[in-house]
Structures are given as C-alpha cells and as structure tokens.
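Chemist: Spelled out, the chains give:
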Amino acid sequence: MAYATVVGIEIVYAIATLVLVSLGLAIVFGMMRVINLAHGEFLVMGGYSATIAFHHGVNFWIAIIFVPPVAVGLIGLVIERTIIRFLYGRMWETMLACWGLSLFLVGLMTMIFGGDTEGVPMRVPGIRIGAYQTSGYELFVIAFSMLLVGAVWVLLRLTRLGLLARATMQNTAMAEALGTNTDSVYALTFALGAGLAGLAGGIIAPLSGIVPTSGGSYIGQAFITVLGGGASALTGVTSASLLFGVVGQIATFASNAVLGSVALLAAAVILIRVLPDGITGRYFQGNL
Amino acid sequence: MTNSPFRFRDRIVPQIIPVVVGGALLFGLPQLLDLFTLLQVTLYAIMAILALSLGFIWGYGGILCLGQSAFFGLGAYAYAIAAINIGESTIPFALALLLPAALAAAFGYFMFYGRISGVYVGVMTLTLALILFNVVNSTAGPEYHIGKAPIGGYNGLPNVPGLNLPFDPQAQLDPVATYYLSGGLLLAVFFGLKWLLSTRFGRVVVAIRENERRVEFIGFDARLHKLAAFTIGGALAGLAGCLFCVWGNYTSPVIFSMIQSAQVIIWVMVGGVGTLLGPVLGAVALSWLTAEVGMQQLFDANLLFGAVLVVFVLFVPRGLLPMLTERVWIRLARSPPRAPLSHSVTASGGSA
Amino acid sequence: MKLTRRDTLRSVATATLAAALPMPFIARAEAASDIVLASLYDLSGINQEVGKGMFDTLSFAVDEINEGGGLLGRKIRVISYDMQGNLQLGSQYAQQAALKDRADVVHGGITSASREVIRPVLDKYKTLYFYDTPYEGGVCDRNIFCVACTPAQTVEKTIAYATKNWGKKGYTLAANYNYGQITADWVKKYARDNGGEVLGTEFFPFDVTNFGSTLAKIQAAQPDWIIAVLVGGTPLAFYRQFAAAGLNSKIHICSTTFGSSNEVSILAANEVEGIVVCYNYLEVIDNAKNRDFVTRFRAKFGANYPPLAELAMSSYQGIHLWAEGVRRAGTTERMKVIEALESGITLDMPSGKIYLDPATHHVTQDVHLAVYHDKMPKIIETFAQLPPSDTAAVCNLTKNPNDNQQYVIKVD
Numbered sequence: 001m002a003y004a005t006v007v008g009i010e011i012v013y014a015i016a017t018l019v020l021v022s023l024g025l026a027i028v029f030g031m032m033r034v035i036n037l038a039h040g041e042f043l044v045m046g047g048y049s050a051t052i053a054f055h056h057g058v059n060f061w062i063a064i065i066f067v068p069p070v071a072v073g074l075i076g077l078v079i080e081r082t083i084i085r086f087l088y089g090r091m092w093e094t095m096l097a098c099w100g101l102s103l104f105l106v107g108l109m110t111m112i113f114g115g116d117t118e119g120v121p122m123r124v125p126g127i128r129i130g131a132y133q134t135s136g137y138e139l140f141v142i143a144f145s146m147l148l149v150g151a152v153w154v155l156l157r158l159t160r161l162g163l164l165a166r167a168t169m170q171n172t173a174m175a176e177a178l179g180t181n182t183d184s185v186y187a188l189t190f191a192l193g194a195g196l197a198g199l200a201g202g203i204i205a206p207l208s209g210i211v212p213t214s215g216g217s218y219i220g221q222a223f224i225t226v227l228g229g230g231a232s233a234l235t236g237v238t239s240a241s242l243l244f245g246v247v248g249q250i251a252t253f254a255s256n257a258v259l260g261s262v263a264l265l266a267a268a269v270i271l272i273r274v275l276p277d278g279i280t281g282r283y284f285q286g287n288l
Numbered sequence: 001m002t003n004s005p006f007r008f009r010d011r012i013v014p015q016i017i018p019v020v021v022g023g024a025l026l027f028g029l030p031q032l033l034d035l036f037t038l039l040q041v042t043l044y045a046i047m048a049i050l051a052l053s054l055g056f057i058w059g060y061g062g063i064l065c066l067g068q069s070a071f072f073g074l075g076a077y078a079y080a081i082a083a084i085n086i087g088e089s090t091i092p093f094a095l096a097l098l099l100p101a102a103l104a105a106a107f108g109y110f111m112f113y114g115r116i117s118g119v120y121v122g123v124m125t126l127t128l129a130l131i132l133f134n135v136v137n138s139t140a141g142p143e144y145h146i147g148k149a150p151i152g153g154y155n156g157l158p159n160v161p162g163l164n165l166p167f168d169p170q171a172q173l174d175p176v177a178t179y180y181l182s183g184g185l186l187l188a189v190f191f192g193l194k195w196l197l198s199t200r201f202g203r204v205v206v207a208i209r210e211n212e213r214r215v216e217f218i219g220f221d222a223r224l225h226k227l228a229a230f231t232i233g234g235a236l237a238g239l240a241g242c243l244f245c246v247w248g249n250y251t252s253p254v255i256f257s258m259i260q261s262a263q264v265i266i267w268v269m270v271g272g273v274g275t276l277l278g279p280v281l282g283a284v285a286l287s288w289l290t291a292e293v294g295m296q297q298l299f300d301a302n303l304l305f306g307a308v309l310v311v312f313v314l315f316v317p318r319g320l321l322p323m324l325t326e327r328v329w330i331r332l333a334r335s336p337p338r339a340p341l342s343h344s345v346t347a348s349g350g351s352a
Numbered sequence: 001m002k003l004t005r006r007d008t009l010r011s012v013a014t015a016t017l018a019a020a021l022p023m024p025f026i027a028r029a030e031a032a033s034d035i036v037l038a039s040l041y042d043l044s045g046i047n048q049e050v051g052k053g054m055f056d057t058l059s060f061a062v063d064e065i066n067e068g069g070g071l072l073g074r075k076i077r078v079i080s081y082d083m084q085g086n087l088q089l090g091s092q093y094a095q096q097a098a099l100k101d102r103a104d105v106v107h108g109g110i111t112s113a114s115r116e117v118i119r120p121v122l123d124k125y126k127t128l129y130f131y132d133t134p135y136e137g138g139v140c141d142r143n144i145f146c147v148a149c150t151p152a153q154t155v156e157k158t159i160a161y162a163t164k165n166w167g168k169k170g171y172t173l174a175a176n177y178n179y180g181q182i183t184a185d186w187v188k189k190y191a192r193d194n195g196g197e198v199l200g201t202e203f204f205p206f207d208v209t210n211f212g213s214t215l216a217k218i219q220a221a222q223p224d225w226i227i228a229v230l231v232g233g234t235p236l237a238f239y240r241q242f243a244a245a246g247l248n249s250k251i252h253i254c255s256t257t258f259g260s261s262n263e264v265s266i267l268a269a270n271e272v273e274g275i276v277v278c279y280n281y282l283e284v285i286d287n288a289k290n291r292d293f294v295t296r297f298r299a300k301f302g303a304n305y306p307p308l309a310e311l312a313m314s315s316y317q318g319i320h321l322w323a324e325g326v327r328r329a330g331t332t333e334r335m336k337v338i339e340a341l342e343s344g345i346t347l348d349m350p351s352g353k354i355y356l357d358p359a360t361h362h363v364t365q366d367v368h369l370a371v372y373h374d375k376m377p378k379i380i381e382t383f384a385q386l387p388p389s390d391t392a393a394v395c396n397l398t399k400n401p402n403d404n405q406q407y408v409i410k411v412d
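Chains as they are written, first to last, in the numbering used here: chain C, 1 to 288; chain V, 1 to 352; chain D, 1 to 412.
All clues given are correct.
Quick list of simulated restraints, FRET-style, between CB atoms:
#1 D/Asn400 with V/Ala188: 42 to 48 Å
#2 C/Phe140 with D/Gln222: 23 to 29 Å
#3 V/Ile146 with C/Phe140: 44 to 50 Å
#4 V/Gly87 with C/Gly89: 52 to 58 Å
#5 C/Ala2 with D/Lys410: 35 to 41 Å
#6 C/Val246 with V/Gln15: 54 to 60 Å
One side only, chain D facing chain V, incomplete, derived with CB under 8 Å:
#7 Asn86
#8 Leu87
#9 Gln96
Quick list of in silico lysine to aspartate or glutamate cross-link-like pairs, DMTMM-like style, CA-CA up to 20 Å:
#10 D/Lys100 with V/Asp174
#11 D/Lys100 with V/Glu292
#12 D/Lys157 with D/Asp224
#13 D/Lys126 with V/Asp34
#14 D/Lys100 with V/Asp34
Calculated directly from the structure, the hints in this document are not laboratory data. Here a beta-carbon is modelled for each residue, glycine too, at the ideal position from N, C-alpha and C.
Let the sequences and hints guide you as you build the complete structure.
Modeler: Laid out in structure tokens, this is it:
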C-alpha cells in the first residue's frame with residue numbers, strides 16, 4: 001500500500017515536472033507560434049541564477065522562486081527585441097534561429113561557468129509514508145506547479161494585460177487599430193514565457209546538478225508536450241503532461257528510466273500523427 | 001534550341017566543367033597531401049554526402065528533417081554490427097544503405113500519408129532521432145547484442161573492420177583507397193542528384209516544395225513523391241554513416257544526437273539551401289572549422305556555431321553560395337541581377 | 001538555354017571555389033628536436049574537472065623533468081588536445097597526434113569508452129599509449145600501459161570492508177557504459193566472495209537527474225549498503241536526493257569514484273558524511289615525498305586548488321614511469337621504450353612505491369581505505385603493494401606479446 005502511494009506520488013510528480021518545464025514554451029508557442037528551441041537553456045539559466053543568488057546569501061525560497069523568473073524574463077526580453085521580432089510568422093526560420101540561440105547560450109554558459117555541476121542544497125525534509133521515505137520537495141513541486149498553472153490562468157483570463165495579450169495573438173491588426181502597442185505585447189509575452197522557463201529551472205535546481213548542457217534533456221520533453229497539447233497554452237500543456245507523464249512513469253517503473261523516456265517519446269509521435277493539431281486542436285477547443 | 005549550333009558550348013560545357021574539376025580534385029589531392037590531411041579530407045567528403053542527403057530533401061523537396069542523424073547513425077550501426085558478425089564488408093555495406101532507406105520509407109509513410117507536413121515533420125523526425133539515441137545509448141550491458149556484436153551503449157562499437165574488395169575479406173582497403181572510395185561516392189552522389197533533379201521525378205519534387213496542392217490538382221501523387229525523396233535522403237545519409245564508421249573504425253550513440261542533426265542543418269543552411277554545391281561547401285568548411293575551433297581554448301565551439309546559425313538565419317537565409325555567386329557574377333558580368341529565388345519553405349502543406 | 005557569360009562565369013567561379021578548398025590542407029613540414037608528448041584529456045564538458053586535474057599534474061611532471069635537464073638531454077614538448085567529452089574528437093585527435101604531430105607518446109582518455117576508441121587508432125599508427133585513469137581492468141595490449149588502479153586493488157577492499165562492517169546486502173548504482181557495467185560485475189563477485197550478495201544493480205546514463213523511482217526501489221530492497229559507480233553529473237544529484245530523502249542516515253554508501261571530481265566542494269557535509277572510498281592516493285597521505293609534492297604543487301597552482309585526487313596522481317605517476325622507460329631505453333623509438341618499460345621499473349612516488357609489472361603492463365601500488373568525516377577523508381587502513389591480480393589472471397604479455405583485447409570478467 002505504501003509502495004503504491006510512493007509510485008502514485010512519482011507519477012503525479014512526473015506530470016507536475018512536465019507541466020512546469022513546458023509551461024513557458026506553451027505560452028511562447030501557443031500564443032506566438034514561436035518554436036523556441038532555446039527553451040531548455042532558459043531553464044538552465046534560471047537554475048544558474050538561483051544558484052548564484054543562493055551562494056550570495058539570498059534566502060533559499062527567494063532564490064528559487066523569485067530570482068529566476070525575473071532574471072530570465074529580462075534576458076528573454078532582450079532576445080525578443082534583438083532576434084525573435086524579425087522572424088515572426090516564419091516558423092522555420094524562428095525554429096532554426098532559436099536552435100542557433102540554444103547552441104550559443106550553451107557555449108556562453110560553458111565559458112562563464114565551466115562544465116562544473118552547480119547546485120543548490122535541498123531545504124525540505126523527507127517524508128515517511130509507511131516504510132518508505134519520499135522527498136518532501138517533490139510534494140512541494142507538485143503543489144507549486146498547480147499553483148503556477150492557476151496563477152497563469154488568472155493572469156491571462158482576468159487581468160488587462162492578459163486580455164491585451166490574447167487579443168494581440170488573435171488578431172494583431174485589429175488590436176493595433178484599437179490602440180494597443182503590439183510590439184510591447186509581443187515582447188512582454190515572450191518575456192513571460194522565458195520567465196516561466198527560468199522559474200521552472202529554479203525550482204528544479206535543488207534536485208539535480210546543473211551543467212550548461214542540462215537543457216538538452218528538457219527540450220525534447222517540453223517540445224513534444226507543447227506540440228502534443230496543441231494550440232491552447234494551458235489546457236494543452238496540462239492534458240498532454242497528464243498523458244505523457246502517466247505513460248512515461250508507468251513504463252519507467254515497469255522497466256527502467258530509459259525505456260520510460262522512449263515510451264514517452266513514442267506516445268508523442270503517435271499522438272501527433274493521430275491528432276496533428278494536438279489534443280486541444282480537437283478537444284477542449286476555445287479554452288485558454 | 002536543342003538544334004542550335006552552339007549546343008556543345010551552351011549545354012555540354014557547363015556540365016563538363018564540374019566533372020573535370022571534381023575528377024582533378026579526386027585524383028590530384030593524394031599527390032599533394034600527407035596521409036593525415038588526406039584522412040581529414042576523407043572525413044569532409046563523407047560529411048558532404050550527409051549534407052547532400054539533407055540538402056536534397058530540404059532544399060529541393062521542402063522537407064525539413066530535424067532528425068537526419070537517425071538515418072546517418074542507423075547506417076553506421078547497421079554496417080558495424082553486420083561487419084562484426086559476417087566478417088566481410090559487402091553485405092554490411094548494402095545493409096547500411098537498405099536499413100536507413102527502409103526506416104525512412106516506413107516513417108515517411110507514417111508522416112506523409114497522414115498529411116503531416118511542415119513544422120510537424122520536423123518535430124516527428126526530431127523525436128525519431130531522440131528515440132534512437134536514447135535506446136542505443138542505454139544498451140551497454142552484455143545482454144544487448146546482435147549476434148557477435150554487443151551494441152555497447154554509450155561505449156559504441158570499437159574495432160569495426162574496414163571495407164574490403166567485394167567478397168574478398170583479405171583485400172582490405174587502406175586509407176588512401178578509402179579516400180578514393182569516399183571521394184568517388186561523393187562525386188557520384190552529387191552528379192546523381194543533379195541528374196535526378198533534371199528528370200520529371202525531380203521536377204515534381206521541386207514543384208511540391210513550391211506548391212503542394214497545385215501539384216496534386218495537376219494529377220501527381222504528392223505523398224508518394226515526398227516519400228520517395230525522403231527515402232532517397234535516408235539511404236544517402238545511411239551511406240554517409242557507413243563510410244563514417246569505416247573511416248574511424250568505430251561508431252557510438254553520439255551519431256544519433258541532436259547535436260549531429262543540428263550540425264547537418266547548419267552546414268546546409270550556411271552553404272546554401274536549394275543548391276547542391278552549397279551543402280558540400282558548407283559541410284567541408286564547417287567540419288574543418290569545428291576541428292580547428294576544438295583546438296583553441298578561447299571560444300567555445302557551441303558559442304561560435306550557434307552565433308553562425310543565428311547570423312545566417314537573420315541575414316543570409318539562403319546560405320553563402322547563392323549570395324556569393326550572385327554577387328560575384330553581378331560584378332563581373334555587369335548584367336542586371338536575376339529576381340531572387342523564392343525562399344519558399346512553407347509552414348504548411350500547399351497554400352495555393 | 002543560351003550559354004551566357006553569366007553562366008560560364010558562374011560555373012568557373014563555383015568550380016574555383018571548390019578547388020580552393022584544399023588549399024589550407026597542404027601540409028607544412030615541422031621540424032623539432034623536442035620529444036613530443038600528446039595529451040588527450042577532457043578540458044571542457046562534463047568531465048572537465050577531472051580532465052583539468054589530470055592535465056595539471058601532467059604539466060607539473062613534465063616541468064619537473066624539463067627543469068631537471070630534460071629527457072635524454074631533450075626538452076619534452078606537450079601538445080594538448082581537448083576531447084570535450086566527445087568520442088569522435090578523441091578518435092580524430094588520436095589520429096592527429098599519431099600522424100601529424102608524430103607524438104612519441106600519448107597520455108590520455110578518461111572514460112573507458114574513450115580509451116577503447118583511442119587504443120585501436122594508436123595501435124594502427126604505432127604510437128605508444130599511456131592510459132592513466134583507474135578503470136575496470138582487463139586491457140591486454142603491448143602498446144598500452146595502464147598505470148592506475150583496477151578493481152582487484154580497490155573495489156575488492158571496499159566490498160570486503162562493507163560486508164564486514166555494514167552488512168551482507170548491497171545495491172549497486174552504476175554509470176551505463178563499459179566501466180560501470182564491468183565494475184558492477186566485479187562488485188557482485190567480491191560481494192559473493194565475502195559471503196554477501198548484491199540485491200540489485202541499476203544503470204544510469206550520464207545525464208539522469210531524477211532518482212525518485214530509484215530511491216523507492218532501493219528502499220523496497222532494503223540493502224545494508226550501496227555502492228556508487230557513478231560518473232559525470234549524476235553523482236551530485238544522487239547524493240543530494242539520497243540525503244534529501246533521509247536515507248543517508250540509514251544506508252551506508254561506498255563509492256569507486258567519489259572525490260575524483262568536485263563533489264566534495266559542492267555538497268554539504270551531511271550529504272557526504274560516512275562515505276567510504278579506496279584509492280591509491282589521497283592528499284592526506286602522510287609521507288615525506290607526498291608532503292614535498294603537495295607543497296611544491298600548491299606553491300605553483302595556488303593554495304586554493306581543490307583537493308588532489310587519485311586520478312591526478314596517477315597521471316603524474318604515468319608521466320614519470322614513461323620518462324623512466326625512455327631513460328632506460330636511451331631513445332624514444334617505440335619498441336625500445338616498450339622493452340625498457342618491461343624491464344621491471346620501481347619508482348618512489350607521493351602515493352608510495354609503484355612497480356610497473358612487465359607481464360600485464362599494469363602497476364603494483366599501495367592502496368588506502370578512507371572514510372569521509374566533515375568533508376575530509378580519514379584513512380582507516382592501508383594495503384601495501386597490491387598487484388593488479390584481476391588483469392594478471394587473464395593477461396600475460398611476456399608469453400603472448402601479440403595479445404590485443406580487453407578481457408571482461410564473466411559473472412553469472
């Protein structure tokens with residue numbers, strides 16, 4: 001029974017991680033149709049900013065929750081203004097430019113931080129469930145990702161900025177005609193997506209060491225979760241994460257971590273083939 | 001026009017010049033270079049074949065495959081495992097072409113007959129390469145073997161036998177002979193693709209890149225043509241993989257990695273999308289640059305290549321070759337420039 | 001289509017471009033009376049801490065020799081290649097060292113995978129190869145000398161200690177490549193030899209960062225101890241998550257790789273408390289030669305240099321063994337140096353005495369068991385002059401000089 005609970009927690013944790021890691025990309029892709037292949041590197045930069053802040057004496061919780069989104073959001077803003085904004089509407093060019101950006105950032109981080117594995121120590125104690133110990137931090141991650149999805153929903157649905165963002169994405173010309181500064185909206189939306197990626201990186205930092213190349217392991221999952229989810233940012237990501245998380249984790253427990261990730265990838269390929277516009281291309285249409 | 005008295009000068013000579021130059025390079029270089037440099041040139045020729053495989057399906061077919069490394073790696077592994085088991089190289093060589101072609105055909109069928117196109121093709125091919133990478137990378141245990149050959153996981157397969165003359169395992173090809181084979185195959189692939197593009201099949205493939213729906217209205221089966229082009233690309237990448245394995249006498253899962261796929265894309269993009277010589281030049285120049293960059297400590301290789309890719313996407317999206325040759329002969333020939341080629345890599349299949 | 005000036009010029013221009021490509025490759029002859037030593041370590045990438053450490057001691061050893069008058073009166077020139085953790089570059093640079101630099105010796109390769117890529121290349125092009133990293137044992141090849149410890153020297157002692165002091169039930173976590181796989185088999189064998197058993201073995205790729213399910217499985221199995229044969233970025237994440245789950249107070253840890261990178265500086269004291277290791281070298285070894293070495297080394301590289309580890313010392317020892325071989329041979333010609341190295345060389349090193357065994361091309365050396373308290377290793381037991389018995393059981397190059405393979409232990 002206790003083992004079943006632990007397995008259950010692992011599954012929910014896998015889903016939560018996928019949501020966390022993919023949310024930023026979902027905003028950027030779902031709303032702006034930009035396939036940001038540098039998303040993994042934004043995550044890693046979030047992790048590094050958390051580590052640096054922590055090592056400079058900033059409180060652990062502030063270092064992982066507040067510092068990364070601000071830092072990476074600013075970086076995202078700069079990137080949007082200098083590179084992305086020239087390529088809107090040209091999906092393949094943006095994808096390639098973002099891939100180049102990803103390589104560039106990996107190289108830059110390697111030059112600055114070296115190949116060392118950095119990290120932040122864990123501050124949440126373990127929790128006993130029956131005869132098993134499980135990481136209390138995992139429960140924190142699960143709770144946090146649910147809160148985050150809720151917060152983003154509130155932002156997009158209930159605030160004026162969210163309204164302007166959605167309007168601009170739906171019909172840029174009309175939004176401009178009504179007086180919105182669409183340039184700023186684009187920039188801010190990209191910065192939001194980047195900030196969310198950074199936040200995910202900050203939250204994940206205490207669990208695993210960060211090296212400049214860590215982004216590579218996240219980009220694959222994030223990418224297929226977002227594309228599998230489809231056009232709606234939030235609904236898509238949550239539904240796709242649910243599906244892939246369960247498939248992946250069950251396969252991991254049945255065999256090993258590698259077959260788990262292969263099962264996840266294969267599920268994604270099949271999903272995209274069957275539902276080319278993603279889950280929310282067919283179901284839950286019109287939702288955020 | 002075909003009966004014009006200038007037929008030889010107008011149509012045959014431009015075809016002959018590249019053949020002559022290619023032949024001269026192939027036979028001339030071994031006389032000029034030492035063994036080590038010749039080995040490097042062999043590597044570049046192999047990479048050029050890989051670049052051509054993507055240059056064909058992307059530049060001419062409009063299929064942006066983000067996972068070309070899947071077929072490259074499969075060719076290498078097919079050759080390595082077969083050669084270790086069989087002991088001579090003729091059948092493994094054939095397998096290195098057939099297995100990637102089969103995978104490309106199967107996966108291409110899965111994609112194109114499901115009307116997947118554009119960005120989603122990129123995603124699915126990327127995922128395919130990721131799957132292969134993850135699977136092969138984790139087969140380090142002794143239980144993972146095909147016949148006598150342990151798949152080896154992260155370690156890869158070292159000590160892969162080289163190529164020998166057909167059905168004669170004693171007659172191993174030495175490095176110089178391997179150079180001739182690789183260079184010769186590069187020329188064959190180059191001119192073969194050139195010829196293929198001039199046939200009706202080739203022209204339909206290019207037409208599909210321009211406007212898929214219209215091609216279908218005319219009566220061609222676009223899916224079949226895309227499938228065929230994709231399969232050819234897969235076979236060529238497999239050929240490059242086999243040669244690469246022979247060159248280094250080993251193969252490892254890194255060959256399936258996203259980095260490998262990214263490199264091929266960068267070569268084609270920098271060299272010139274929509275040309276044949278462009279990918280070749282891109283592959284050679286950038287492979288050389290990679291090795292040089294690796295030897296200095298000042299700048300990280302990823303940094304440089306990422307910057308190169310971004311700069312090219314923003315400023316030189318069609319690659320160096322079209323830009324250079326247009327500029328060069330504009331200045332020399334002093335004729336009005338041609339209208340630019342439409343860089344038509346459409347995001348979805350066939351906008352009319 | 002009329003042939004215009006435009007088209008001809010275009011053909012010629014592109015053909016010239018293509019023909020101009022080989023220009024950078026025309027070889028330039030290089031003359032040198034120096035002895036060329038090529039080093040092939042990861043100076044960037046996931047193993048860069050280890051690689052830099054090994055390269056630093058390599059340069060230190062070369063400087064010692066050069067400052068003492070050189071080798072055979074000639075200076076040693078080091079050509080350094082950064083493998084960047086990339087096996088293909090390893091193969092390429094090995095070729096380059098052998099053919100272009102005509103190196104007299106190559107010291108390099110960290111992971112066993114890189115060694116197995118470099119070894120055939122250097123065999124093919126007849127260049128002497130020194131592999132100075134501890135590994136899983138069994139390499140039998142006259143062209144290579146493996147200077148560092150193998151499982152019979154270290155792992156055996158670690159498992160004996162674990163089964164005697166902690167309990168009979170163990171669990172193995174290993175990196176998923178040849179070193180991890182083969183060492184895991186040795187762990188099984190030694191556990192059995194000591195009346196214990198390994199309850200389970202798990203393999204990880206280098207970039208796994210989430211050990212949640214593994215920790216659950218470990219707890220389900222309830223071992224007395226675990227052994228971490230982890231490399232790259234995984235160890236850090238593992239020790240951290242293990243401690244976070246509160247397991248480090250219940251299950252003991254020993255490791256074959258701990259301390260060789262920068263884990264000690266990054267992890268917290270409670271995360272590494274009580275970890276047991278067994279190495280030929282630890283900076284805290286108390287003998288005159290080591291004290292002198294550490295003083296001189298830190299004088300050159302700075303007092304803040306991280307703790308000197310096993311791999312750094314085996315790199316240093318490898319250079320000196322090779323240099324002694326060259327001195328005895330009186331030449332850098334490969335076969336003569338090999339024969340000189342096979343004459344039975346003993347050297348006095350900071351880790352103790354080392355002896356290069358002619359039959360196996362491996363080294364008999366001292367070995368120390370240590371436990372980590374407050375992030376510092378404390379030596380519990382020393383074993384003097386342990387021979388490389390695992391390789392010796394299968395490899396005899398004096399009898400079979402043409403042997404060329406890596407023998408792999410078979411454990412059912």
